[in-house]
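Chains as they are written, first to last, in this note's numbering: chain A, 2 to 193; chain B, 93 to 667.
FYI, nobody ran anything at the bench for these hints, they're computed from the structure.
Warning: the hint list may mix true and false statements.
Derived PhoX-like pairs: lysine-lysine, alpha-carbon spacing no greater than 20 angstroms straight-line [what the hints assert, rightly or not]:
| id | chain 1 | residue 1 | chain 2 | residue 2 |
| --- | --- | --- | --- | --- |
| 1 | B | K421 | A | K67 |
| 2 | B | K487 | A | K89 |
| 3 | B | K421 | A | K118 |
| 4 | B | K608 | A | K144 |
| 5 | A | K5 | B | K608 |
| 6 | B | K407 | A | K89 |
| 7 | B | K421 | A | K120 |
| 8 | B | K608 | A | K176 |
| 9 | B | K407 | A | K67 |
| 10 | B | K487 | B | K593 |
| 11 | A | K67 | B | K409 |
Covered stretches of chain A, as calculated for chain B (at least 3 residues, CB under 8 angstroms) [as the list claims (entries may be wrong)]:
| id | region |
| --- | --- |
| 12 | 23–36 |
| 13 | 88–102 |
| 14 | 119–126 |
All C-beta atoms in this analysis are idealised placements derived from N, C-alpha and C, irrespective of residue type, glycine included.
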Amino acid sequence: METKNIMIVGVGGQGTLLASKLLGRLLLSRGYDVKVSEVHGMSQRGGSVVTYVRWGDRVCSPIIDKGQADCILSFELLEGARYTEYLKPGGRLIVNSQQINPMPVIAGMAVYPENLKEKLGAIGIDVDAFDALALAEEAGNSKAVNLVLMGRLSQYFDFTKEEWMEAIEHSVPPKFLELNKKAFELGTARTA
Amino acid sequence: MKTLMLGNEAVARGLYEAGCCFVSSYPGTPSTEMTEYAAKYEELYAEWAPNEKVALEAAFGASLTGKRSFCAMKHVGLNVAADPLFTISYTGVNAGLLIGVADDAGMHSSQNEQDSRHYAQASKIPMLEPSDSAEALAFVKLAYELSEEYDTAVLMKMCTRVSHSQSVVETGERVLPEQKKYEKNPAKYIMMPGNAKKRHPEVEARTKALTAWAETADINRIEEGGDKSYGIITSSTCYQYVKEAFGDTYPVLKLGMIWPMPEQKIKDFAASVNKIVVVEELDGFIETHCKNLGLSVSGKELFSNIGELSQNLVKEKLGGSVQEGVSLKEDIPARPPVMCAGCPHRSIFYVLKKMNLTVLGDIGCYTLGAVPPLGAIDTTICMGASVSGLHGFVKAGDEENEGKTVAVIGDSTFIHSGVTGLINIAYNESNATVIILDNSITGMTGHQQNPTTGYNLKGDPCTKIDLESLCRAVGIKRVRVVDPYDMEACQAAVKEELAAKEPSVIISRRPCALLKYVKHPGPICSDSEKCKGCKACMNIGCPAISMVDGKAKIDATLCVGCGVCKQLCKFDALG
Chain A
2 METKNIMIVG
12 VGGQGTLLAS
22 KLLGRLLLSR
32 GYDVKVSEVH
42 GMSQRGGSVV
52 TYVRWGDRVC
62 SPIIDKGQAD
72 CILSFELLEG
82 ARYTEYLKPG
92 GRLIVNSQQI
102 NPMPVIAGMA
112 VYPENLKEKL
122 GAIGIDVDAF
132 DALALAEEAG
142 NSKAVNLVLM
152 GRLSQYFDFT
162 KEEWMEAIEH
172 SVPPKFLELN
182 KKAFELGTAR
192 TA
Chain B
93 MKTLMLGNEA
103 VARGLYEAGC
113 CFVSSYPGTP
123 STEMTEYAAK
133 YEELYAEWAP
143 NEKVALEAAF
153 GASLTGKRSF
163 CAMKHVGLNV
173 AADPLFTISY
183 TGVNAGLLIG
193 VADDAGMHSS
203 QNEQDSRHYA
213 QASKIPMLEP
223 SDSAEALAFV
233 KLAYELSEEY
243 DTAVLMKMCT
253 RVSHSQSVVE
263 TGERVLPEQK
273 KYEKNPAKYI
283 MMPGNAKKRH
293 PEVEARTKAL
303 TAWAETADIN
313 RIEEGGDKSY
323 GIITSSTCYQ
333 YVKEAFGDTY
343 PVLKLGMIWP
353 MPEQKIKDFA
363 ASVNKIVVVE
373 ELDGFIETHC
383 KNLGLSVSGK
393 ELFSNIGELS
403 QNLVKEKLGG
413 SVQEGVSLKE
423 DIPARPPVMC
433 AGCPHRSIFY
443 VLKKMNLTVL
453 GDIGCYTLGA
463 VPPLGAIDTT
473 ICMGASVSGL
483 HGFVKAGDEE
493 NEGKTVAVIG
503 DSTFIHSGVT
513 GLINIAYNES
523 NATVIILDNS
533 ITGMTGHQQN
543 PTTGYNLKGD
553 PCTKIDLESL
563 CRAVGIKRVR
573 VVDPYDMEAC
583 QAAVKEELAA
593 KEPSVIISRR
603 PCALLKYVKH
613 PGPICSDSEK
623 CKGCKACMNI
633 GCPAISMVDG
643 KAKIDATLCV
653 GCGVCKQLCK
663 FDALG
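Chain A extracted, bound-state conformation (with noise of 0.2 angstroms):
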């Protein structure tokens, strides 16, 4: 098969390893060649942060480069837009829809752009923004937004349940379980 490409996008702090760790270890269990990339350190601190996710039969490069993207899921619409170049021609944007204003926005430097979700929608880019903020509260806790993410990315590739909820048990601690499978449910019930 031809190598799958993931990107996750967000804000540091936001949860964002959770996620390629658990896509990994799904990837992983269904028999795929996987390589996940990501950047420590300084990107960390409420700095934009890259996670890129390969699975195929075989996964050289550990990094996506720009027009390979089957999909980027982005925890935050900023973050989505400043990736599209990395996206195939008609690949998708799975977005949070929550805004979360970068320091030179904050600082009156710069601007956050108006209208980022049509105007992505403008250039053919598959869109499917929502609120998965407020399903993650709905869920029981804010931070729960990666699994929310997490379950509407499992509405758009071919994996069970089962290897979903199997992944989540062995990524998430005990304590959080019935909270991230809740959120992860929310995410994959709600259509945009």
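Put chain B on the given structure of chain A with help from the hints.
Then chain B, alone, in the frame of chain A:
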């Protein structure tokens, strides 16, 4: 069992399986997890050393006593450890000694992008270079065999993309090698001139022997390709980019050992293809070697020696076409890293900026004090440079700058190499004021313990170095502690110490706001009735404060209630 592992985690697994017993390192992105994962194995003794020189010397001592040992560092850490490195090359080892060094092409989290491969050549120590996690694990085991067979330390060069990428590994069992004993051997271990003169030829002979090994080693392998118009020589993550870009189209010589390099194998490979292209990040290290062999090769004329490469770059430069992405014609504001809400460093930088001081900075989270709106730092060079630099600045400076300059350095960085600079300040009597930003943790690299925290790498309580006593012991009489959340007290302390006619240390002490044991009072409320929109609170660059419709608004999901912004509000709108 097949499992996904970070490259750094795979190195740690390799240490475990190879029977390594002793690990000593100093943290630094992207190398840190090699040691953190090693510490998870009960069978491995693992520690954070105060700096990389100490770590390497400790690992050498462990090797001397007969135990396989390891130390890890980032590329700039190898500069600190370079002194023992060059002479350990002469002594060789007893049990295997492996040094993990992680480069950071692209400078994701570093102050330069030096190429560590030069150290292998300069110190005459062999260097292995894995291209994924499976190789990282396997190369660690191989490195110990080479180390013991050829009586040499071995360098293992990682990079951000190998260290911080997870790929599939198959784990094995831990096998303890036969225990070696320490035996006195002055001619081998005492490197005074008479002995070292005899050791140097041994080192040269060893490099020759390793070059011969490199000729037939499996890790330097030729992968066949149908199209011989190019033959590609590559290593590390660049090998993966080449394979991603071209699959098995062109023949590839994949080097697993980057120093010493095989000569005949490279020449034979060159003779089998039309044109040799070297694909490597940063300097043209392999390229230069090829040219020294009299070969005509292309390398840095195609690929920059700045930043990282990628599969698209490799493909384009060799005439392939790449898929364009979809771009949005819109100004997307940057999202740089910022100091966290509640960070104890924020307020001290606000005070220093307000006092219009020259601030010599150092390496850590607090380097972010250089970013607007704080913009309070003048220099950042390397670990410890703030303190030593301040001495020179104050000693040689003119009257105009007198009493207007300070150094800022974190607790871990101070212990790493700031204390020697402070000794210079005391000994050579400069009228300098050093501010130690003591947040009780090594923050930037992700919360590692250090000698001032009272805990070791395994999480056990241990001797806590007392910063006040340490500063006094080296001869600083004026040592005081302030709470950075109290800006008035901070400003008063800085003013007084700058006015004093002797060296001084201010310890700005408050634990990192992200530490689990730190209890926060909870978010502050903004009162839009009282807020006049003066934006005074915006000058501290707190990510939890923004202006909405001309009024300050606190993001309650971020705010921890440190109260620093309250001290700036003249209208009592933040409470």
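Within a Cα-Cα threshold of 20 angstroms, do K67 (chain A) and K409 (chain B) meet the stated pairing? Status holds; Cα separation ~15 angstroms.
Mind checking, does the region 23–36 of chain A have 3 or more residues with a CB under 8 angstroms from chain B? holds (count 6)
Below or equal to 20 angstroms on CA atoms is what counts here, so check K407 (chain B) against K67 (chain A). Roughly 12 angstroms between the alpha carbons, so the hint for K407 (chain B) and K67 (chain A) holds.
Holds or violated: are the alpha carbons of K5 (chain A) and K608 (chain B) at most 20 angstroms from each other? Since the Cα atoms of K5 (chain A) and K608 (chain B) sit roughly 38 angstroms apart, the hinted pair is violated (cutoff 20 angstroms).
Proximity test - 8 angstroms, beta-carbon atoms, the region 119–126 of chain A to chain B, at least three hits: holds (count 5)
Between K487 (chain B) and K89 (chain A), does the CA-CA distance stay at or below 20 angstroms? violated (59 angstroms)
Are K608 (chain B) and K176 (chain A) close enough, with their CA atoms no more than 20 angstroms apart? holds (17 angstroms)
Would you mind confirming whether the straight-line C-alpha gap from K421 (chain B) to K67 (chain A) stays at or under 20 angstroms? Given pair K421 (chain B), K67 (chain A) holds - Cα atoms ~16 angstroms apart, limit 20 angstroms.
With the threshold set at 20 angstroms, check whether the alpha-carbon distance from K487 (chain B) to K593 (chain B) stays at or below it. holds (13 angstroms)
With the threshold set at 20 angstroms, check whether the alpha-carbon distance from K608 (chain B) to K144 (chain A) stays at or below it. Distance ~16 angstroms between K608 (chain B) and K144 (chain A) Cα, so the pair holds.
Hinted pair, alpha-carbon criterion (20 angstroms max): K407 (chain B), K89 (chain A). Please report holds or violated. OK: K407 (chain B) and K89 (chain A) at ~17 angstroms, within 20 angstroms.
Straight-line alpha-carbon gap K421 (chain B) to K120 (chain A), limit 20 angstroms: Satisfied, since the Cα-Cα distance of roughly 9 angstroms is no more than 20 angstroms.
Figure legend: structure checked against the earlier numbered hints; hints not met, in rising order: 2, 5.
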